[in-house]
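K.L.:
If you want the building blocks of each chain, they are given just below.
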Amino acid sequence: MLTEPMVTDRPDAMASEQLSRPAVLIDLALDEDTPTVGAEVIELASRFGRWRSRENSASFTAATPELESPTDNREGRPGSWSERLAPQRDPMLVAPAPPPIREQFVARQQWEGYVESISSDEFFARLVGVIGDRDEVSSAIPMEDVHPEDTDLVQVGAVFYWTIGYYEGPSGRRRSSDVRFRRMPRWSKRDVDRTLGEAKLRAERLRALTDDSPAS
Amino acid sequence: MKAQVQSEGITVVLVGHFNPAIFTPYWFAEYDLIRVQEAESAEIHVVHPDIASFDAAGIRFQVTRQKFSASTVNASCFQLVRDVVVGTFHLLEHTPILAIGINRDVHVRAQREAWERLSNRWVARDPFRDFMPSPAPCSLSVESERADGRQGQYTVKVEPSQRIQGVYLSVNDEIRRADDAVDHGCREIIDVLEEGWHDALTLSEAARDMVIAELNSNAD
Amino acid sequence: MDSCLDEKGLPAALSYIDAMSISREDVELLVVTHWHDDHVRGFSALIEACPNARVVVANALTTDEFQTLAKAYGRSRAKTQQPGLREIDRVFDLIVSERRSVAYAVADRVVWTRDVQLAGGTVRSTLSSLSPTDVGSRRALLGLQRLLPRPGASKRRLPNPSPNDLSIVLWLSVGSHRVVLGGDLENAGWAEILNSSTLLDGTASAIKVPHHGSEGAHHPPFWNDHVDRSSTAVVTPYARPPFLPKKSDVVRVLGAVSNLHSAGPTDRVKFEPADRVVQRTLREAGVQLERISGPLGQVRLRRSIHGSTEWAVELIGNSTTFDRAAGQPAGPPGST
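Residue numbers (numbering that gives the first Met the number 0), protein chains in the order written: chain A, 0 to 215; chain B, 0 to 219; chain C, 0 to 335.
Calculated from the structure, these hints are not laboratory results. C-beta: ideal position from N, C-alpha, C; glycine also. Among the clues, some could well be false.
Unchecked claim - List time: in silico DSBU-like cross-link candidates among lysine-lysine, alpha-carbon distance up to 30 angstroms: (1) LYS7/C - LYS1/B; (2) LYS1/B - LYS156/B; (3) LYS154/C - LYS188/A; (4) LYS199/A - LYS154/C; (5) LYS7/C - LYS269/C.
Claimed, not checked - Partner residues are not named here, just some residues of chain C that face chain A (Cβ under 8 angstroms, in silico): (6) ARG53; (7) ILE94; (8) VAL101; (9) ALA102; (10) TYR103; (11) ARG108; (12) VAL110; (13) LEU140; (14) GLN144; (15) PRO148; (16) PRO150; (17) ALA273; (18) VAL277; (19) ARG282.
Produce the entire structure from the sequences given, and follow the hints as far as they go.
P.N.:
Shown next as structure tokens:
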């Protein structure tokens, strides 16, 4: 009988290694009625990733040590598997790997901008290049280029990213222009109190400095 | 053939204690971290009390009880990854987070011999020839303390790409929770992420550009 | 006085000092008139490079209110997030950490003085701040209260508050000559200076036009009483909306002075990215980009201390002279 799966990370993974890879294991506790379940486990494991097995009639082990990241550098390609014999105490079930990303976006230009003024059908923004040309430019941007869910965010001082590029995939290439307004974090009471404290301290230090004006 | 970037991704990984069950695309939209339309068109892989994995707003979210990661291969979403992670943990400020990693993975398309030429320049093989018939570096990692004096480190790894003909570069910017951190949640470390994001990206861009320049300095 | 970055990303003043073979150790005074982006970029680098210079800042910037703004919005390292406040935040950190010599500018304060022995006798030079006035400071700080961070408010970028009541205006006297450096002070501030200043003696023969020549910063009584009709004026362009000086501003200023020069191009410069995918996308969207930070220029004014010769004007780089009749630049940018 299958019991509730539990999830653990590899207990011996060092923090640094953990931080460089997203990693998932699911422990599946199996009881003694395993031959049938074991076959299902192997089938799932071979479908989604690597698995390890051990010679134990009561249980099997299958694991993919890491979920697929589309830009990592593990050997093999998504969906392939390798077999190893390794003694394990607890059998584990593979978590299904997310599907590989099929379309690659190539950014040719990205600006970080902020709104300087707004009129009825466009807003004026100052833009600084983040990807591509790094010049500082300004532009009037039509409001119709703003996603309907972002229109409330169009206020003087609002920050946005404007990215121009193309998606490249099996069906070819398509250009894209996306204006995305930042959902800025909000000031918390803690943030405000900390800022006020630091500001007050520095203000006191500045006022304590001797004014070296000739007339003072 | 000039070396050039084939694919590039940013991943933010947080190590701590999380509750995967709450992280759904709709949760992110409800708190205005992503658009509602993005939540509605999200692709959900797993949602379970112990693991959540889905793609939304161009970002891949993967959460277990010990780890939260947000990654994207879409350069237009790099800043969004920061905003979503910072926004999430401003809301969940009591979440214990022990460390944060900001990672850039780059696959650079280059000539077949690119890795060999690069590694020849960077790593001496002669000391190994005394006892190995054909020594060849298979990966190179360089670590450094952080420039800002905080706990953590930078790690840059360069090795042959397993995905394309060329070279793979990984840059990891790791920030650890200070030993003398006052709060038991994550406010301090998330503030460090927010304030240090620009520098982290600048550092990884510099590493990427250096490797590409090195590859191209000997390219035919 | 103030700072901007040249094409190499260095403070333009530093590049100029080095080009003139002036020792950085000999720089005596660094004045930051106010904290707007276009006046402070690179100022902290100037402070670090000139170890003996006294730093002059408006006294009002040492208040808790302004320090809170600088701390709150100076943290972000993102490109568009408050570069002016970020720079001024760094300036104050430097002043405190290095215990730099400072002078706090208020109305009618002498911030520097020097007596020089010349053949014809001793020549006294003084540099005085005419603003911010008490009234202007109070008005400005009340306005800044609205911008202070509050729990629950979004961490948006702050617009530059206007009018700019916290800008320092400097009055330079060298012997019998007077120069006014107008900062970004606007109308009410000039009226307050006229009403209260006791240091305004005589008329200026050169003026750095306040606030990029905008109408709101042109206070006719001040110009009538303290700017000589035969004076030489210099304006720095503001190359984004509302794009200053406008043609009407140029005509107005030229009506009050003998000649007017601009430290950079005043035309709106169209910009097209090099990438063809981007070009096509912008064209299809009907979007036109205009360049903000064009190549810099400099206007150098020199005159002898004794005698009544006019200012010798040198145009360097992309600086220009305005044609009186046309109200527009007279010809191609000067280059010396």
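K.L.:
Confirm or reject each hint.
P.N.:
Hints, verified against the model:
1. For the proposed pair LYS7/C and LYS1/B, the alpha carbon gap of about 28 angstroms is at most 30 angstroms, so the pair holds.
2. Between LYS1/B and LYS156/B the CA atoms are separated by roughly 21 angstroms; this keeps the pair inside 30 angstroms, and the hint holds.
3. Under the criterion of a C-alpha separation no larger than 30 angstroms, the hint pairing LYS154/C with LYS188/A is consistent with the structure, at around 13 angstroms.
4. With a CA separation close to 20 angstroms, the supplied pair LYS199/A and LYS154/C stays within the 30 angstroms bound.
5. Between LYS7/C and LYS269/C, the direct Cα distance comes to roughly 22 angstroms. Compliance with the 30 angstroms bound is thereby established for this hinted pair.
6. Against a cut-off of 8 angstroms between C-beta atoms, the interface hint on ARG53/C holds, since the closest Cβ of chain A lies about 6 angstroms away.
7. Restraint check, ILE94/C versus chain A: the minimum CB separation of about 7 angstroms is within 8 angstroms; hint holds.
8. Residue-level restraint check for VAL101/C holds (minimum Cβ-Cβ distance to chain A is 5 angstroms; threshold 8 angstroms).
9. The criterion of a C-beta within 8 angstroms of any C-beta in chain A is met by ALA102/C, whose closest approach is roughly 4 angstroms, and the hint holds.
10. Look at TYR103/C: its Cβ gets to within about 5 angstroms of chain A, closer than 8 angstroms, so that hint holds up.
11. This hint holds: ARG108/C has a C-beta 6 angstroms from the nearest C-beta of chain A, less than the 8 angstroms allowed.
12. The restraint placing VAL110/C at the interface with chain A holds, with a minimum CB-CB distance near 5 angstroms, inside the 8 angstroms limit.
13. Residue-level restraint check for LEU140/C is violated (minimum Cβ-Cβ distance to chain A is 12 angstroms; threshold 8 angstroms).
14. Annotation: interface hint on GLN144/C violated; nearest CB of chain A at approximately 13 angstroms, more than 8 angstroms.
15. For PRO148/C, the interface hint holds, the least distance from its beta-carbon to any beta-carbon of chain A being 5 angstroms, beneath 8 angstroms.
16. A hinted interface residue such as PRO150/C counts as satisfied when its beta carbon comes closer than 8 angstroms to some beta carbon of chain A; here the least separation is about 4 angstroms, so the hint holds.
17. Using the Cβ-Cβ criterion of 8 angstroms, the hint placing ALA273/C at the interface with chain A is satisfied: the shortest such distance is roughly 6 angstroms.
18. For VAL277/C, the interface hint holds, the least distance from its beta-carbon to any beta-carbon of chain A being 4 angstroms, beneath 8 angstroms.
19. For ARG282/C, the shortest C-beta to C-beta distance to chain A is roughly 11 angstroms, which exceeds 8 angstroms, and the interface hint is violated.
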